[in-house]
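> Sequence:
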Amino acid sequence: MPNKNNEFILIEPFRRRYEHLDFLQSILSGLIQKKSKLIFWTSKPYFSALEYKFRKQIDFQELKFDDTLVGIQRFFFSLCNTLAIILKNRKKNILVLSSLPVVSLIICLFSYLFNLKNIHLVINGELTCLASKRSSLSIKFDKLSCILFLKIGMNNGRILIISEKIYRDIRSDLKPHRSVTFIEPIGFFHNPLREKTIKKNTCINFLSLGVQNVYKNSFEFNKLALTLNKNLSQKRIMFNVLGKIDFEPGFVKSVNVLNRNQNKLLDIKDFKDVASKNHYLIFFLDETKYRYVASGSFFDALKYNLPILALKNSFFDFYFSKFGSIGYLCSDIDEMVNLINDPKKLLKEYKSKIKNLSEARKYMSQRFLKSALFTSA
47 MPNKNNEFIL IEPFRRRYEH LDFLQSILSG LIQKKSKLIF WTSKPYFSAL EYKFRKQIDF
107 QELKFDDTLV GIQRFFFSLC NTLAIILKNR KKNILVLSSL PVVSLIICLF SYLFNLKNIH
167 LVINGELTCL ASKRSSLSIK FDKLSCILFL KIGMNNGRIL IISEKIYRDI RSDLKPHRSV
227 TFIEPIGFFH NPLREKTIKK NTCINFLSLG VQNVYKNSFE FNKLALTLNK NLSQKRIMFN
287 VLGKIDFEPG FVKSVNVLNR NQNKLLDIKD FKDVASKNHY LIFFLDETKY RYVASGSFFD
347 ALKYNLPILA LKNSFFDFYF SKFGSIGYLC SDIDEMVNLI NDPKKLLKEY KSKIKNLSEA
407 RKYMSQRFLK SALFTSA
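Going by my numbering, the first residue of the sequence shown is number 47, and it counts up by one from there.
Bear in mind the hints are in silico, worked out from the structure with no lab data behind them.
Take these hints with a grain of salt, some might be off.
[Stated by the list, open to error] Cut-off 27 Å, straight-line C-alpha distance, at most; resulting in silico cross-link-like pairs (DSS-like, lysine-lysine):
1) K138 x K163
2) K397 x K323
3) K391 x K368
All chains should be modelled from the sequences, with the hints used to inform the complete structure.
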């Protein structure tokens, strides 16, 4: 359980500037609500990317991370720095915000070996390997490490998986240790940018947000754009992308890449500005590649009042069942095309989608502060 001194040490060993920053600020908002004293070990570029209202309430401790480090160098940097901070502060509450699978396993083993009682691990991208079809030695080693740390668990700490749905799948498939639970990172500082409406004859904007790659099936946006080229040319609809483009050959010209000449991670201000000008957040995730990893953009949809347009899968099914219709789920691209070609339907039902998103955001914000990160294990 969290230490009574209410001091939290946060460790972020290798995230690049702006990477997963909205998630981090959600965590910080919850800790600040709980009047915690915060000490943050991370790189100077990452810390400086935080909004000032967070920076002013945090004691910053620098980790001099070189983001060109890969492979074994990245592993040893993460392992040595994380373990050194943990062992030096073993009587305090510690939250490790990201790790590598084998480092997470070693931290779990150390929690028993040194009787560590207040260490919490946040787990998300580390579990990607569990659904991978690749058979390389490194993937096999990462899979084994993930399975072992989920089975071994933490000694009187928590392993925090992002998303209740992902946690339920892990619990069903792997039967993890009782210290494994979940958090859903929406803090109270997230207020809707505005109550969006779509007026008659408005150009409806669809946005794909975040890193664009083959794992997210981002190329499907091209198929959609080519099929709906007439509507795009007539400005009835607009397809927008904001985020790093990480697949070849990229997007066709009718997809508006808002940061075409800035192939990098973007700050939260850019996200907020673009979100306020779009009406739907669009997804092409399939059932397999993201089986054990939550979509960060899904939480952005809730935070920024953007109804979802997505290909149907069990992740979205879970949250639509939980919160009602917070957008539209389509069986395939053809169904998505038909929906986008029906602006009357999109206009008529938009207000109800926004209402359901608002209720979902309120529920998740309240539950976030009651999660295992802030309460007894």
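> Taking the hints in turn, state whether each one holds.
Results for each hint:
1. A threshold of 27 Å between alpha carbons decides the hint, and for K138 with K163 the separation of about 9 Å falls inside it, so the pair holds.
2. This hinted pair checks out: K397 and K323 have alpha carbons roughly 16 Å apart, not beyond 27 Å.
3. Using a Cα cut-off of 27 Å, the hinted pair K391 and K368 holds, with the two alpha carbons roughly 23 Å apart.
Checked against the numbered hints above, the structure violates none of them.
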